[in-house]
Structure formats: structure tokens, C-alpha cells
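If you want the building blocks of each chain, they are given just below.
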Amino acid sequence: MNSFQLKGLKATRAGFGEGVVEAGRRNNDVVVIGADITSSVGLDGFAREFPDRFFSMGIAEQNGMGVAAGLALEGKIPVFSTYAVFSAFRAADQLRISVCYNNLHVIIGGAHAGISVGPDGATHQALEDLAYVRALPNITVLSPCDASQAFKATLSALLEIAGPVYIRFGRENVPDFTTYDLEFIPGKAQVFRPGKDVTIIATGHLVWPSIEASELLAKQGISARVINLHTIKPIDEETIIRAAAETGCILTAEEHQIHGGMGSAVAEVIVRDHVVPMEMIGINDTFGESGQPDELMKKFGLTAENIAQKTTQLLKRKKITNS
Amino acid sequence: MNTSIEQLRLTAKSIRIWVVKSLAAAGSGHLGGSLGMADVLTMLYFKVLRHDPKNPFWSCRDRFILSIGHVAPVLYSTLAHAGYFPLEELLTLRKLGSRLQGHPGKEYGLPGLELSAGSLGQGLSVSVGLSLGFKLDKLDNKVYCLLGDGELQEGSVWEAAMAAGHYHLDHLVAIVDRNGVQIDGPTEKVMRLEPLRQKWEAFGWEVTECDGNNLEELSLAFEKIGQESSKPKVLIARTIMGKGVSAIEGDYHWHGKAPSQAQTEEFINEILSK
Ligand SMILES: Cc1ncc(C[n+]2csc(CCOP(=O)(O)OP(=O)(O)O)c2C)c(N)n1
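Listed in order, the protein sequences are those of chains A and B. The first sequence begins at 1 in this note's numbering and counts up one residue at a time. The second sequence begins at 1001 in this note's numbering and counts up one residue at a time.
Keep in mind the hints are simulated off the structure, nothing from the lab. Note that the structure is a prediction, hence the values are computed from the model and not measured. There could be a bad hint or two in this list.
[As the list claims (entries may be wrong)] The list that follows gives simulated cross-link-like pairs (lysine to any residue, SDA-like), each with its CA atoms no further than 20 angstroms apart:
#1 B:K1189 to A:L216
#2 B:K1189 to A:D294
#3 B:K1274 to B:R1009
#4 B:K1257 to B:I1240
Use the sequences and the hints to build the structure in full.
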């Protein structure tokens, strides 16, 4: 069964917003905290439908995170979402202590993640959020690959997962391709393409280009497995180790710094349990900049072509290691 | 600098026109706040600040710290008009490789730009640090910091305000763009700020209020602020978002929007006609 089929373009933030509204309909305890960018992070729908359960806090992220912790203490299911640069960093300490150390069920939205934020430039492009949030104990870190999955991941985050949950999503319209019946199981990575020569593990916006890269590679006779790592924490060690054992090398692809990101998380599993040659695609230790999203994806080497090219380089290393 | 109000008015007009032009070329950006701040920035760069566009690193210069990085277009337009770089460069706003980043980025080396910014609630702290440094070095440079009213909801602003009062930073001037709106709507609906004057006074600041779109009033306000006293000074500048273009004046939906092609022409014509 194919788990994907291109349905059109849609921003993952829209999937998140629809997920919060749906969860709000199913459970009266769902409450939302606004930080003056309510529609930008997809929460205007909830604010309109449930005005009594929406609290505007203004431009005050540290307070917003703390208030969310308090609401969770009282049994509510608070969603606090702002741009990832602010939810992960401005409110970093409140997230660490008030939310995570208390192990409270607060859902934190990391919006406008990645370089594809575009012309707003470096200040608004979250490229380090995963490195920080995945280091926090107790938290679950989700990074859905498209709007449909963002919807399901959001429902799961609000109504199924316990403890703090961070959901990362983007601003731009991107391919919406996962099918309706594709189940979302937190912590369980999805193999979107079978393959035996190499494994590409991708997350978020880079899953679709990785599928495209596998098609480019197939033309060169290379069989690339593509894994959608939608849960960064807890990480699916089993699927990763099996991929390392069966394909002998791993490429990771993410719209995030290489340092400390999803690739690092995969490497932490690989070095312990099954060492194979590995390469990582991501932002290489630099801030982002202004430009159109597609220009930036090219400039920073995050396209399907870049993924395919890096994969062929990796395969050379695999041969040397094996010979 | 001996500049008549009439000359300043012409400068502000041109600054506004280039704000509209640069945003139109970029296709995105923050028009409302940028137009609303054109008069304050004109007054600062053409009358109040001690600075030399030929010598951007002159050690005796006053510092202008833009805390609300999103109104970068009006800072860029003002710097260009003051002679820091050519006007044409304004048309590269927000484009790949431009020195005019969507939010100010110092690493691109734009002359006259003092600080990278774009995360609200940081500029006043940096201004406190600068002022403390000048005091330590026994220098009389002034520091002017531009804040948004929505931005005042960030707790860090008040931590900085407390420190400025505590250390009697008399050469520090904060300017609040009191346009009454932010992204989600009117400030008093999103998160109440009033009574604003009393808040600043309670933190040890000397408060001046004026119409921030009226050059005569701004001129008088800065004269008053220039007089010696032992307190940090704040100017609450009552402004109108989108000032100069009647179709968008006061409309918070224009916080972060760029004009279409048709609108660009219409907006520029209106600014020219006034
Ligand atoms: C810490 C932080 N939180 C949120 C934002 C997103 N943001 C950019 S501008 C803005 C509204 C600012 O309101 P105000 O200061 O009143 O400026 P105005 O809308 O009048 O231009 C917000 C919430 C930000 N840049 N930084």
C-alpha cells in the first residue's frame, strides 16, 4: 500500500490549527494561549469558535509558557504556540522548569520553523529549536512531514500523549501528500520507500524532497529507503538500527542546524548500536537570511537534488568502508 | 544642524515614499509601523542625533537602537536619505544577498546600522548596557531606543526600565511608538498597557508625551528631553499606523503587509499630494 500521494500544497501550520480546533470540539478542557500572532500560527479558528477558552496574553512568551503550566496544573489541556524561535528560546527556562520539570501536559507549538520562513530573515527562522527541546527530559518532540500529518500529530499530542509535547511546523505551503488512512503513532517512524542500498531519514519539510531524491536515485540504479522520522523524541531506535543493518549507510535531512538536530539524534543511536557511514543534510553552523523560500532552500543545499547528490557521495564512502 | 520644519517635512515625505517603494519591490514587509515612524526618524536623523553619515563609526556619535526590528524599512530609508548609502539600494530590501535584511542583521555591514534585532523586548536592555558603558568611559554620547507599544508587553522591557532608573541613566532616551495597535488588534484589547505614563514614572523615568506625527511637537519634545536631569527619559509618541496613506491609517491589518502594484502607485500619489 502506498502511504502517500500528492494532494496539493498546504502549510503544516494549517494542519496544526485544524488539529487544535478538532481537539477542542472533542474535549472541553482544551484551552489556547495567544501571543499576538494568533492567526499566523493557525490558532484564529480556535479563538473564533471557542472565545471563552482562548486567552490573549500579548507579546509575552515567558508569561504565556508559565500560564500554560498553571492551566495544566488545573487539569486543562493548554496549547501555547508562537514562532519556534520564541517558544523554544524566549520562553526556554519556563519550558524547562515550569513545564518539563513538572512534567505537565502542555502542548507547545513551534511555528515558522526552518529557513523556508523566507524574507523575514534570520531572526525569525528557527534553526536550533530541535537541539534545545530534544535535550529536555520528559518532553515528546514531533515534526510532522505535511499538513495532513500535522493535523493527526496535533490531535495525538493533545488527546493521547502524556506530558509536555513540542510540535514543529512551517510557514510555507508545501506538498500535502500523506494519505488519510496513514496512521500516526507517536515514536513510530514510517518507511515511505523501501530500499536496500542506502537509507534517507528525513523530517518535516524535507521528507517530500527526500522521496523525490529517491526517485532521482532510482534512475541511477540506486535503491534508497526513505524514512519519515516524525517523532524526534522518543526516537524510534528499532527502525533506525534496522535501516543501518540492512542498507549499510544513512543520510539524514532536516531544515535545522546540523549541530544537535535530528541527524545528531540518529547518530546518537547509530554510534551506540550499529556504526555505519553517515552524512547529514541541514544548515551548517550559520544563521539564515532573507530571500524567497525556494531560493533559500537552494542556497542552503536542502533540495531533492542536493539530497540525491549527497547520497551518491555517501555511497562511495560505504564502498570504501566495505572493501 | 539648523533645519527648518518645512525642510524636515519634505524629508519625511521622501522617506515615506521610499518605504512604500522598497516594500513594493520586496513584496513583503511591515508597512504600517514604518510609515507611522517616518516623522520620529526624520526628527532624530536630521535634527536630534549627533552623527556623521560619512563616518558611521565615529566614536562620539549618539546611538540609535531600533528595538522593533520589523520597522527596518523606515530605518533603512532614513539612513539612505541621511547619506549612509545610495537610495537605490533600498530596492534590494528582503532580497537574497541584500544588506537590507527583513529584520536588521549587522553581519551584512550596512553603514549606520547599530544592532541586529527582530526579537521584541531586547533593545532597551542593550541600550542600558551601552549607556552604562558610556558612563564608565565618562562620555556624553546619548542612546535613543525605539520601542513599539505592543513590545512593552514583554517583561524584559520592564527589567531594563528598572535598571535604567536604578542607575540614573540620564543620557538614555526611550521612544515608544504609541500607535495603539499590534498584530492581533488594539493593544488595550490584546493586553492592556494603560496607565502607561504612570508605569514609566514608577520605574524612575521622566515622561514626555506628544503627537509623534507632528514635527513641531516632536521638535519641542526633543528640546525638553535634551535638558539635563538625573533621570532616563521616555517619549511616548502618539502616532497613527500607516500615517500618510489614508486608506490604511490606523488599520492593524497593515502591521505586516506590503502594497500591491496598484496600491503602490495610489499610496505614493497620496503621499506626494500632501
Ligand atoms: C519576542 C517576539 N515575539 C513576537 C514577535 C512577533 N511580532 C513581530 S512585530 C509584533 C507586534 C509588535 O507590536 P508593536 O510593538 O505595537 O508594533 P506595531 O505593530 O505597532 O508596528 C509581533 C508580535 C517578535 N518579533 N518577537
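Verification of the supplied hints:
1. A C-alpha spacing of about 53 angstroms is found between K1189 of chain B and L216 of chain A, which places the hinted pair above 20 angstroms, so the restraint is violated.
2. Under the criterion of a C-alpha separation no larger than 20 angstroms, the hint pairing K1189 of chain B with D294 of chain A is inconsistent with the structure, at around 37 angstroms.
3. Note on K1274 of chain B and R1009 of chain B: the hinted pairing holds, with a Cα-Cα distance of about 10 angstroms set against a maximum of 20 angstroms.
4. Proposed proximity of K1257 of chain B and I1240 of chain B is supported: the alpha carbons are some 16 angstroms apart, at most 20 angstroms.
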